[in-house]
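Peer 1: Full structure from sequences and hints, please.
2 protein chains.
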Amino acid sequence: MGGDHGPHITVPSAVEYMHHDCETNIILVGKPEVISRELDALKVSPGSRLRLHPANEVVGMDEHPAVALRNKKDSSMRVALNLIKSGEAQACISAGNTGALLATSRFVLKTIPGIDRPALAVILPTISGHTYVLDLGANVNCTAEHLLQFGIMGATLVSSVENKPNPSIGLLNVGEEDIKGNDVVKRAAELFRSSGLNFYGNIEGDDIYRGTTNVVVCDGFVGNVALKTSEGLAQMLASYLREEFRRSLFSRLAGLVALPVINAFRRRVDHRQYNGASLLGLRGVVIKSHGSADSYAFRCAIRRAVEEVRGGTLRNIVEHIETLRNNIEQNIAQPVSIE
Amino acid sequence: MGGDHGPHITVPSAVEYMHHDCETNIILVGKPEVISRELDALKVSPGSRLRLHPANEVVGMDEHPAVALRNKKDSSMRVALNLIKSGEAQACISAGNTGALLATSRFVLKTIPGIDRPALAVILPTISGHTYVLDLGANVNCTAEHLLQFGIMGATLVSSVENKPNPSIGLLNVGEEDIKGNDVVKRAAELFRSSGLNFYGNIEGDDIYRGTTNVVVCDGFVGNVALKTSEGLAQMLASYLREEFRRSLFSRLAGLVALPVINAFRRRVDHRQYNGASLLGLRGVVIKSHGSADSYAFRCAIRRAVEEVRGGTLRNIVEHIETLRNNIEQNIAQPVSIE
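Here the protein sequences come in this chain order: Y and H. Going by my numbering, the first sequence opens with residue 1, and the numbers climb by one from there. Going by my numbering, the second sequence opens with residue 1, and the numbers climb by one from there.
Keep in mind that the hints are not guaranteed to be accurate.
It does not matter which identical chain is used: a pair holds within one copy or between any two.
The calculated lysine to aspartate or glutamate pairs, modelled on EDC-like cross-linking and capped at a C-alpha distance of 16 Å, are [what the hints assert, rightly or not]:
1) 85 with 177
2) 180 with 33
3) 180 with 62
4) 180 with 63
5) 110 with 243
6) 186 with 116
7) 186 with 176
8) 186 with 145
In short, the hints are calculated from the structure, not lab data.
Peer 2: If you want it as structure tokens, here you go:
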């Protein structure tokens with residue numbers, strides 16, 4: 001029911017997705033009359049592959065997470081997460097209130113043993129492919145141990161979904177050298193070095209889009225600022241380009257000639273294809289779609305959920321944590337010296 | 001003597017600048033034989049407007065700041081800063097080692113009373129103009145009080161250089177609401193609200209390029225990541241655009257037709273025009289140029305220094321701090337309640 005556009009986007013998007021992936025069944029959770037109206041408009045009836053599950057409350061986009069958690073026990077978000085807990089569903093996709101989704105999913109599903117806090121991971125494009133960045137805003141006060149856990153989860157996500165055996169992890173910092181960074185990041189680098197993970201070392205902001213590593217780890221404050229700054233810059237550059245192509249009669253004509261090329265460029269940088277942040281570290285697959293997602297973007301978020309389930313990300317994180325935990329705990333017990 | 005290209009860029013750039021600004025005199029500090037060679041190549045002789053001041057050591061670009069500070073007392077950087085201290089020069093521009101410039105200028109010039117730490121401020125373009133962002137990496141562990149001081153310095157810089165009486169200040173955060181952010185940022189927002197400054201409130205990463213406020217305040221870790229991430233994204237987008245225009249014979253032809261428009265766009269986003277980060281909070285004007293700056297970019301850094309001197313930024317910060325300090329200290333003494 002959530003998102004800026006609600007079921008008017010999510011319902012058609014789910015129906016469309018199901019047509020292209022005959023191995024996935026979908027449960028639409030929310031107010032039955034609202035969902036039925038959307039299905040009627042599409043001339044689609046619920047059936048064994050597309051079920052409707054009632055939930056009579058909706059968490060508002062600006063509602064305080066704690067209030068939503070306490071008062072809205074029959075919200076579409078809460079009920080959908082309960083379906084994962086009961087084993088009826090394998091993943092939950094929501095375009096709703098991010099804070100409420102974080103709080104509610106943590107309350108309903110609980111975290112995986114060894115993970116203190118779930119983290120939001122997104123895919124970002126790079127010069128030659130893409131990379132996974134986490135955390136994107138679930139945790140604004142992080143310890144070094146949290147950053148290590150983000151690294152483990154990110155690497156497991158990449159190896160599960162992309163079949164990459166030993167993904168490289170970069171720690172987002174203000175310089176490559178060991179002496180760079182704040183206290184938390186320096187300590188996190190020590191933990192990574194003794195973790196047995198494929199730790200590349202410190203990376204800088206420009207390494208994200210350069211694709212230096214498969215996984216980029218940062219605290220949620222830094223990650224959120226990096227992502228939003230990128231959005232702002234992309235919008236500004238697009239606006240500049242538009243203005244230049246509209247400046248004179250000649251530039252308008254040039255724009256017409258170059259239109260197929262500009263369109264190919266726009267398709268390539270279309271952020272909708274990266275929609276769907278994975279909420280990692282929970283005992284269930286939860287995907288957060290951008291609130292303003294359109295039907296295409298929301299389908300990308302559904303695909304992300306399906307890929308995570310098929311890749312066995314959840315089981316792999318549990319196993320990976322288990323294997324690494326002993327190793328890491330042994331190493332943490334011995335002080336690591338840094339020159 | 002510093003920077004990736006050394007005097008081969010800085011000397012011609014200084015000579016060129018002087019030709020366009022007859023009210024500015026320049027002192028070239030460094031190894032006399034190296035500087036003389038560059039001047040000879042330009043067929044320029046030192047005179048009253050262009051002096052040569054010897055310094056026989058050079059701080060390496062990768063040298064540890066503390067080592068440079070301790071051992072290189074006759075470095076071009078140190079000698080140039082001494083010239084400010086003795087009153088012979090009013091500003092120092094360096095393309096050298098950032099860490100060493102920070103440490104040495106702090107040691108030689110000391111901070112303004114009321115300022116604990118200098119901060120690096122840069123100008124970034126926005127959709128409709130530009131904004132000033134600080135700190136860009138001088139301080140990776142900041143307290144709320146430091147962020148407040150950055151705000152005071154940034155606002156004073158804008159009002160001095162741009163003649164804007166009461167510039168707006170935004171605090172970079174992960175959301176607009178008061179409850180958003182980490183502990184330091186929340187506390188900083190309280191301080192800003194009771195400071196009497198023109199505090200806009202929390203802003204997000206995309207507000208930087210949207211130009212929501214005249215000044216953007218953040219700690220050096222976050223600021224550095226935001227800036228470097230922007231550089232990386234811009235490089236990636238430029239690379240994508242180049243690739244699309246080279247994809248086929250048609251797109252190459254379209255590229256030729258659109259070349260004047262693309263060039264106008266490139267001129268507009270040319271980051272060289274924003275070269276020159278102000279090291280604010282010191283008892284002297286110090287400008288850090290990008291190490292890889294070319295002659296045009298380095299001239300922009302010189303212009304930045306001249307503007308700061310002419311605007312009386314230094315004197316204004318001292319006065320502004322003095323005026324605000326009482327006000328702020330009174331407010332800090334009374335606990336501020338936040339709902």
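Peer 1: Tell me the numbers of any earlier hints that the structure contravenes, in ascending order.
Peer 2: 1, 2, 5, 6
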